[in-house]
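J.: Spelled out from the first residue to the last, the chains are:
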Amino acid sequence: MKKYFSFFKLRLQMGMQYRVAALAGMATQFFWGFMLIFAYHAFYESNPDAFPMEFSALASYIWLQQAFLMLFTTWRFDNDILSMISDGGLSYELARPVSLYRMWFAKNLAMRLSEATLRFAPVLLVAILVPKPYGLSLPKSPWHLLLFLVTLVLGLLLTISFLMLIYGLSTRMLSSTGIRVFLSSVMEFLSGQIIPLPFFPDKVRFVLELLPSAGMQNVPLRIYSGDLSGAAMVRAIVLQIVWLFVFVIAGELLLRNAEKRAVLQGG
Amino acid sequence: MIHMENVVKTYRVARRNAGAKAAFKALFRREYQEIRALDSISLDISEGEIVALLGPNGAGKSTTIKILSGILYPDSGIVECNGFVPYKERMRYTREIGVVFGQRTQLFWDVPVADSFELLKDIYDISEQTFQENQQELTELLNLQELLRTPVRQLSLGQRMRCEIAGSLLHSPKILFLDEPTIGLDAVSKLAVRQFINRLNEEKHTTVILTTHDMQDVEALSKRVIMIGKGRLLLDGTIDDIRKEGESLDESLVEFYQGIEGLGKEEKS
Numbered sequence: 001m002k003k004y005f006s007f008f009k010l011r012l013q014m015g016m017q018y019r020v021a022a023l024a025g026m027a028t029q030f031f032w033g034f035m036l037i038f039a040y041h042a043f044y045e046s047n048p049d050a051f052p053m054e055f056s057a058l059a060s061y062i063w064l065q066q067a068f069l070m071l072f073t074t075w076r077f078d079n080d081i082l083s084m085i086s087d088g089g090l091s092y093e094l095a096r097p098v099s100l101y102r103m104w105f106a107k108n109l110a111m112r113l114s115e116a117t118l119r120f121a122p123v124l125l126v127a128i129l130v131p132k133p134y135g136l137s138l139p140k141s142p143w144h145l146l147l148f149l150v151t152l153v154l155g156l157l158l159t160i161s162f163l164m165l166i167y168g169l170s171t172r173m174l175s176s177t178g179i180r181v182f183l184s185s186v187m188e189f190l191s192g193q194i195i196p197l198p199f200f201p202d203k204v205r206f207v208l209e210l211l212p213s214a215g216m217q218n219v220p221l222r223i224y225s226g227d228l229s230g231a232a233m234v235r236a237i238v239l240q241i242v243w244l245f246v247f248v249i250a251g252e253l254l255l256r257n258a259e260k261r262a263v264l265q266g267g
Numbered sequence: 001m002i003h004m005e006n007v008v009k010t011y012r013v014a015r016r017n018a019g020a021k022a023a024f025k026a027l028f029r030r031e032y033q034e035i036r037a038l039d040s041i042s043l044d045i046s047e048g049e050i051v052a053l054l055g056p057n058g059a060g061k062s063t064t065i066k067i068l069s070g071i072l073y074p075d076s077g078i079v080e081c082n083g084f085v086p087y088k089e090r091m092r093y094t095r096e097i098g099v100v101f102g103q104r105t106q107l108f109w110d111v112p113v114a115d116s117f118e119l120l121k122d123i124y125d126i127s128e129q130t131f132q133e134n135q136q137e138l139t140e141l142l143n144l145q146e147l148l149r150t151p152v153r154q155l156s157l158g159q160r161m162r163c164e165i166a167g168s169l170l171h172s173p174k175i176l177f178l179d180e181p182t183i184g185l186d187a188v189s190k191l192a193v194r195q196f197i198n199r200l201n202e203e204k205h206t207t208v209i210l211t212t213h214d215m216q217d218v219e220a221l222s223k224r225v226i227m228i229g230k231g232r233l234l235l236d237g238t239i240d241d242i243r244k245e246g247e248s249l250d251e252s253l254v255e256f257y258q259g260i261e262g263l264g265k266e267e268k269s
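Just so you know, the sequences run in chain order A and B.
Per the working numbering, numbering through the first sequence is continuous, rising by one, with the last residue being 267.
Per the working numbering, numbering through the second sequence is continuous, rising by one, with the last residue being 269.
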């Protein structure tokens, strides 16, 4: 495991170098956060009773989503890995005593953590200063904060294990753009990145909450504000763990199979 | 040390005619052609040899190296290196080999070379002592003192190649695979690389298998030459088997390659 950890550390250090990208990202996320909150506020004004979440819980959801965007987006891929798959750079990875799956998992984890680390603090800080109910509320209790952090980690791992499936599928194709864009967009919708899951009609929501996509950002972001609690919360966490196992095993198999059928392009 | 017997490797390549109509047709029905990259190759290499694999582009040299280094699975045939079946026991086997692909880099672009070396240390589980000794020795022999602290992207190709070679030897591998190690290098760097490889082979008895298009590499390095063309083994001998009186080596080689062109035509599907 040590080798994957060292690799993770090195990638983390490398990721922390990109300051301009972080600034640009933060600016976008502030703007986007405010825009979403204004939009939802307009809905809320028109009929508060039809609103499926408390408004302050929704505001917290949005601010946390913007602050931790880089942890959960389903469209943030590692370009090194993608180009490696398409141009045959895999050679070096395979010529070493490393498992592709663990190496790439560590790489994606490091990339997302370094990007999120550079961005989240200022967004949260400002969001806390925004007046109620438009800003980020404090967590209901230290217990909620703890559960939030645990499910945040689980959600991050689940997101990465999903990407690993896409990398695995990419190894079977000459160009992976199609499948990547398609699956990322579907997941973006299903995981509550565009509209939080409580806003879906009940029957649809029931199904959506069973899917792996619900375990990504939906769970931690709603636990934080107390929107998800009790038995529903326990069920959500169990599902997170189950899906994580399923995805990791499927991804391992996919990449192991890819090692066997590898066709390395470009000499 | 290395044993290959009747190794076959084919690739499947999608083919279609040029033009929009053909492109549209290919959406529904693809035509594939099987390309035999290796067509029943057998060879044996003993410990401590330096062997050069020669052949025109697309002959199967790189495929051979990739099968021997555990990266590619052969379709059929027997491969055994140093007691391992490379593609089956990749994780254990790759600890004992070093690999340099001249056209790619194993070092991390944005960080100093020394950081990449530290990572390699953990990847290969090299003990602190061995790592320090090897790094020091390689630094001296390949003249890397100034380079270790420089980010890879700011190195010249020659400097980078020396670092790549050092990186592939930190774990004292028994076999070193070099795929076009001198490609794009200037005369001075080429000379340095050749001298170093010879020295490594003499002092540590590292088995070296290299591919190259540079006949001077071959002259300077290897007593044994294996020629591959159209996936077949055409010659296993010394450089003198290629050389003809009164011609430069390159000229002789061109004649040899032109001879290959005639081969294998009957198999085109």
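It should be emphasised that the hints constitute simulated quantities derived from the structure, not laboratory data.
Heads up, a few of these hints could be off.
Claimed, not checked - The following label-pair restraints were derived from C-beta to C-beta distances:
#  : chain 1 : residue 1 : chain 2 : residue 2 : range
1  : B       : Q103      : A       : W75       : 28 to 34 Å
2  : A       : M173      : B       : A114      : 36 to 42 Å
3  : A       : A250      : B       : V254      : 27 to 33 Å
4  : A       : T117      : B       : G19       : 50 to 56 Å
5  : A       : L174      : B       : G259      : 32 to 38 Å
6  : B       : R15       : A       : A232      : 40 to 46 Å
7  : A       : L174      : B       : G19       : 44 to 50 Å
8  : A       : R19       : B       : N198      : 43 to 49 Å
9  : A       : V20       : B       : G19       : 43 to 49 Å
10 : B       : R15       : A       : I241      : 46 to 52 Å
11 : A       : T117      : B       : W109      : 20 to 26 Å
Unchecked claim - As a list, the in silico SDA-like pairs of lysine to any residue whose alpha-carbon atoms are at most 25 Å apart:
#  : chain 1 : residue 1 : chain 2 : residue 2
12 : A       : K107      : B       : D44
13 : A       : K2        : B       : T105
14 : B       : K88       : A       : S99
15 : A       : K140      : A       : A121
16 : A       : K260      : B       : Y73
17 : A       : K2        : B       : K25
18 : B       : K190      : A       : K140
19 : B       : K174      : B       : D125
20 : B       : K25       : A       : K140
21 : A       : K107      : B       : T105
22 : B       : K88       : A       : A121
23 : A       : K2        : B       : E96
24 : A       : K2        : B       : K190
Please read all numbers here as calculations on a predicted model, not as lab measurements.
A virtual CB, placed ideally from N, CA and C, is assigned to each residue, including glycine.
J.: Does each hint fit the structure? Answer for all of them.
T.: Evaluated hints:
| no. | hint | in the structure |
| --- | --- | --- |
| 1 | B:Q103 - A:W75: 28 to 34 Å | holds (31 Å) |
| 2 | A:M173 - B:A114: 36 to 42 Å | holds (37 Å) |
| 3 | A:A250 - B:V254: 27 to 33 Å | violated (52 Å) |
| 4 | A:T117 - B:G19: 50 to 56 Å | holds (51 Å) |
| 5 | A:L174 - B:G259: 32 to 38 Å | holds (34 Å) |
| 6 | B:R15 - A:A232: 40 to 46 Å | violated (55 Å) |
| 7 | A:L174 - B:G19: 44 to 50 Å | violated (19 Å) |
| 8 | A:R19 - B:N198: 43 to 49 Å | holds (47 Å) |
| 9 | A:V20 - B:G19: 43 to 49 Å | holds (45 Å) |
| 10 | B:R15 - A:I241: 46 to 52 Å | holds (47 Å) |
| 11 | A:T117 - B:W109: 20 to 26 Å | holds (21 Å) |
| 12 | A:K107 - B:D44 | violated (39 Å) |
| 13 | A:K2 - B:T105 | holds (23 Å) |
| 14 | B:K88 - A:S99 | holds (13 Å) |
| 15 | A:K140 - A:A121 | holds (20 Å) |
| 16 | A:K260 - B:Y73 | holds (6 Å) |
| 17 | A:K2 - B:K25 | violated (51 Å) |
| 18 | B:K190 - A:K140 | violated (67 Å) |
| 19 | B:K174 - B:D125 | holds (16 Å) |
| 20 | B:K25 - A:K140 | violated (61 Å) |
| 21 | A:K107 - B:T105 | holds (17 Å) |
| 22 | B:K88 - A:A121 | violated (47 Å) |
| 23 | A:K2 - B:E96 | holds (19 Å) |
| 24 | A:K2 - B:K190 | violated (36 Å) |
In terms of the numbered hints stated before, the structure departs from hints 3, 6, 7, 12, 17, 18, 20, 22 and 24, listed from lowest to highest.
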